[in-house]
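There are 4 protein chains.
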Amino acid sequence: MGIILGANQYGKAEIRVVKIDRDTPRHDIHDLSVTTTLRGDFAAAHRSGNQANVLPTDSQKNTVFAFAKQYGVDQIEDFALDLARHFVETVPAVTSARVGIDAYAWDRVGVAPGEAGHDHAFVRRGQDIRTTAVTVGATEHGPGAWVVSGIKDLVVLKSTGSEFRGFFADRFTTLAETDDRILATSLVASWRYGEPAADWAACHAGIRAVLLDTFAGTHSRALQQTLQAMGTAVLKAHPEVAEIRFAAPNKHHFAADLEPFGLDNPGEVFYAADRPYGLIEATVIREDAPDAGLAWSAGLT
Amino acid sequence: MGIILGANQYGKAEIRVVKIDRDTPRHDIHDLSVTTTLRGDFAAAHRSGNQANVLPTDSQKNTVFAFAKQYGVDQIEDFALDLARHFVETVPAVTSARVGIDAYAWDRVGVAPGEAGHDHAFVRRGQDIRTTAVTVGATEHGPGAWVVSGIKDLVVLKSTGSEFRGFFADRFTTLAETDDRILATSLVASWRYGEPAADWAACHAGIRAVLLDTFAGTHSRALQQTLQAMGTAVLKAHPEVAEIRFAAPNKHHFAADLEPFGLDNPGEVFYAADRPYGLIEATVIREDAPDAGLAWSAGLT
Amino acid sequence: MGIILGANQYGKAEIRVVKIDRDTPRHDIHDLSVTTTLRGDFAAAHRSGNQANVLPTDSQKNTVFAFAKQYGVDQIEDFALDLARHFVETVPAVTSARVGIDAYAWDRVGVAPGEAGHDHAFVRRGQDIRTTAVTVGATEHGPGAWVVSGIKDLVVLKSTGSEFRGFFADRFTTLAETDDRILATSLVASWRYGEPAADWAACHAGIRAVLLDTFAGTHSRALQQTLQAMGTAVLKAHPEVAEIRFAAPNKHHFAADLEPFGLDNPGEVFYAADRPYGLIEATVIREDAPDAGLAWSAGLT
Amino acid sequence: MGIILGANQYGKAEIRVVKIDRDTPRHDIHDLSVTTTLRGDFAAAHRSGNQANVLPTDSQKNTVFAFAKQYGVDQIEDFALDLARHFVETVPAVTSARVGIDAYAWDRVGVAPGEAGHDHAFVRRGQDIRTTAVTVGATEHGPGAWVVSGIKDLVVLKSTGSEFRGFFADRFTTLAETDDRILATSLVASWRYGEPAADWAACHAGIRAVLLDTFAGTHSRALQQTLQAMGTAVLKAHPEVAEIRFAAPNKHHFAADLEPFGLDNPGEVFYAADRPYGLIEATVIREDAPDAGLAWSAGLT
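So the protein sequences, as listed, match chains A, B, C and D.
Numbers 1 to 301, taken from the working numbering, label the letters of the first sequence in order.
Numbers 1 to 301, taken from the working numbering, label the letters of the second sequence in order.
Numbers 1 to 301, taken from the working numbering, label the letters of the third sequence in order.
Numbers 1 to 301, taken from the working numbering, label the letters of the fourth sequence in order.
So here's chain A without its partners, still in its complex pose:
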């Protein structure tokens, strides 16, 4: 039996494009990292190095810059859809294209309550990052477009209202039960749209608020339970979302042992550990969610 080419894809990763809207003296800034991925008939390139079907990744990069100028990047989901459709429609060998975007937020300098802030000076917000990953292409069920948006690096912490007890214990279990610990995570959440949002940015902001409010408002018996509550709240509030997935590292905060120094430590002083960390992954989905198609297809390894 032979040795053959299997699944493959290629593209340009981490294209750092900054677009300034400057039609008026009051500028807006869009700061993105864009990654393009193309799939299709590139077998000749793999087999013999024949590149006749291969659009250079350099051209993909150029396309991102040109589209930023021509169409703007107001809504990253629309920008990604435009790019993905362009590659599918204009590169003959391409059967599907995926465009991922990380968007970094900036605030205007000098924004006080009731003030408008500076026209063209900005300070990077540096908090969580807004993401999207759009796939356009054909499956066995026909053509489609799938939008997964999300948030990453959302670092949240509760200083009380979290327990951890009643767990399964085996002979390697030494952990003490607790009814009051710090719960902290650097959340990654990705939600798949079942239908387009009327306003992607507003939808993102709404989901972010629901995530934060539910994290804060849920008395936690397990990080799993908190994630389930967060996902359920998002799906209830946002009918356009079919499914949400979480990856939540449990950022352990261990109470410092101050007893040798004659001090008690009732949940006040903690050592924030780096590694290892618990990692909880979970999905909350509608029973009648449409087929995910190519929505979640990312890297091969």
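Hints listed in this document are in silico derivations from the structure and should not be mistaken for laboratory results.
Pairwise CB distance ranges (calculated):
1. C:A237 x D:E177: 47 to 55 angstroms
2. D:H219 x C:R26: 49 to 57 angstroms
3. C:E259 x A:D199: 29 to 37 angstroms
4. C:A237 x A:D107: 18 to 26 angstroms
5. C:A237 x A:G262: 42 to 50 angstroms
6. C:K236 x D:H219: 56 to 64 angstroms
7. B:G72 x A:E195: 54 to 62 angstroms
8. C:R26 x B:G72: 46 to 54 angstroms
Note that the Cβ used here is the ideal one computed from N, Cα and C, for glycine as well.
Position chains B, C and D relative to chain A; hints supplied.
The following block gives chains B, C and D in isolation, referenced to the frame of chain A:
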């Protein structure tokens, strides 16, 4: 229709364990980062925070340390298999377990040709990292165990013998063709074993050598072609390997423009760029490869 | 002539301590990375390994945790002063101690205009980091305590109002002059207090605001000029500050060349480069600033 | 009293230049990160933005590329000296220039004992990095040139032959004494040449070997003692070196507590911790070392 729990898993990530073999004055060192992931019936934890089925990630960490003492970690694939089987066999709720390991290599201090080096002093090699990801559990076709091993951060470069031309050009294409460029990548390769290797470490070393030799020996018309040649060579030389997958960032080296200074630059002085970078992913597989089962199941997002 | 011990110091780096103030149901959080450094008579440890004078770095870590409990960490400058004085006063061999702190800010979840936010749920702000480095000890002029506070990772950008022209050109100069470019930096600023601030946190907030406002309000002919303006404004507004030092990487944003695609690009679409970057360092100081003493003594290499 | 400009400097950081020597079919590769820093009379740029004295950092970058072509980069110390002298001699406002270089080593693919390896295919060694920082300019004592070379990221470990006991204990000391622990560090060493080396690369290789051999061969009662022994051995073996400075993080390896599982752990299984870490800095110097001049002047903050 309801909102339900979908796919989920949890475990302990990046457990940094160092095991010293010191039965004789000539020590050996094993330096690992281990990640455990469990899947199974954890619905109660998600729905209500009931942890009765949940083995704490702290216990998983303890298990790794205890197994390192009891069984040693001579072959990371065997160590991962032992751990994964243990979780499946002893934690009632677990239906499958995945154990990933990164292994960092150390050399003995003072190794000259023909010398044995120091007994207990080591210098970290710091080159590429040996990896494995083992999954044990049940699919619809019955129970199984799958071993994927690999290499990452293998940074290789050819200073000639690489062209890039004859590619598909669209209206956004400005890249010039070249018949002599630098080809460089930081390779990630993961191969799935169709059957156990007689000696995992020897097999890893053999595959690494084949990858390097083929990279060096292939006149490259495309990075895709080079990867295909590398994968094919591995499968030809190693019948125990069913499939190999690559992720290869094209680490661009752009020739510096020295013309303004009256200097030519025939492939001598380059600027090594960070971002963006091309990213090529490819699979080389046997036509009669056994079903991959749970081999490639990693994160959910 | 002999070979002797020269300058030396030691301590514990990056102690990650989180202190929760929980005297009332409305918690406060203090999230720090503390580094201690001791100098003094440790020659015996270097010469023969005799540790009789050496307070273990583990004890230094314990001290940080115990002090967090006993005294709180409300003002990082005071916390650092307390720790540094403690080491100088209680460890006989120590002649001076330096305590550096990075403080990570958290916001309450659910803070809308006019609202108070959640009592014990927080989201990490993730923007710039507040820093301090306090040194207590003796110089040839007698004992003293020096406080340097600062800010790092303050990423700011102006989308217009920045030129770069009239520079010195040699035979390697190819850069075109421009009267409208993006000016962006990830600012590090460190200011030395000539006298203690009445309220360190308020002073930090005030200086941060002055830095931002001056960055925004200065038409820039050079990053150097902008830094000088920022430093001068800080010293004018804050008589307690004797000196301020800046390290400002010039985060280059290059206008994308869209001409090949029939598009102009009047300051709209930029490529944000990683490396190399310009790096401007500058000091603004009062002519009558008191002697800096040990204020700026950090690492040896 | 006025507010004035204090110490200042500027330059281009992290210029990533790769130089291929290809005069014969057997290529050589030089892979560098170069940072230039200029000091002198740039007050006008700070005060008013007048750049007439300022050589753009872009031109500095161009110079590095052009010099790499014209003169090669065989010895990084000589390359840095050439660059620094060029800036001092050709830019009127410059009074001193500092050029720092990190050099990344590559091995030829296919080097077996007795073999020569591939002509133009390389694999990055990835171990420790060779460094230099050269300063050329005038002090109050006249003009000079100073060469500091070094090594960084040299990760070494001893699995026995290291104790830690007899230390000063205060009321915050809980650490147990030990007569057998793992000693590990990621060494940074920088040595100042009192006179030029006949062969910089050979000298670097010789010093690296002395550092490793001494680390391995010294029974350690303290990391301080080990550093002192390493530094002394370097100065004894290399008369051209006037002084050597170390920064050595104590990479803690804590023995895993396996007692709850009925297992002993006599120095076999360790948890490799990330933070916090001890940090030892030390200098070993000749009593008659020449004045250091500008050798150690680096950043301002």
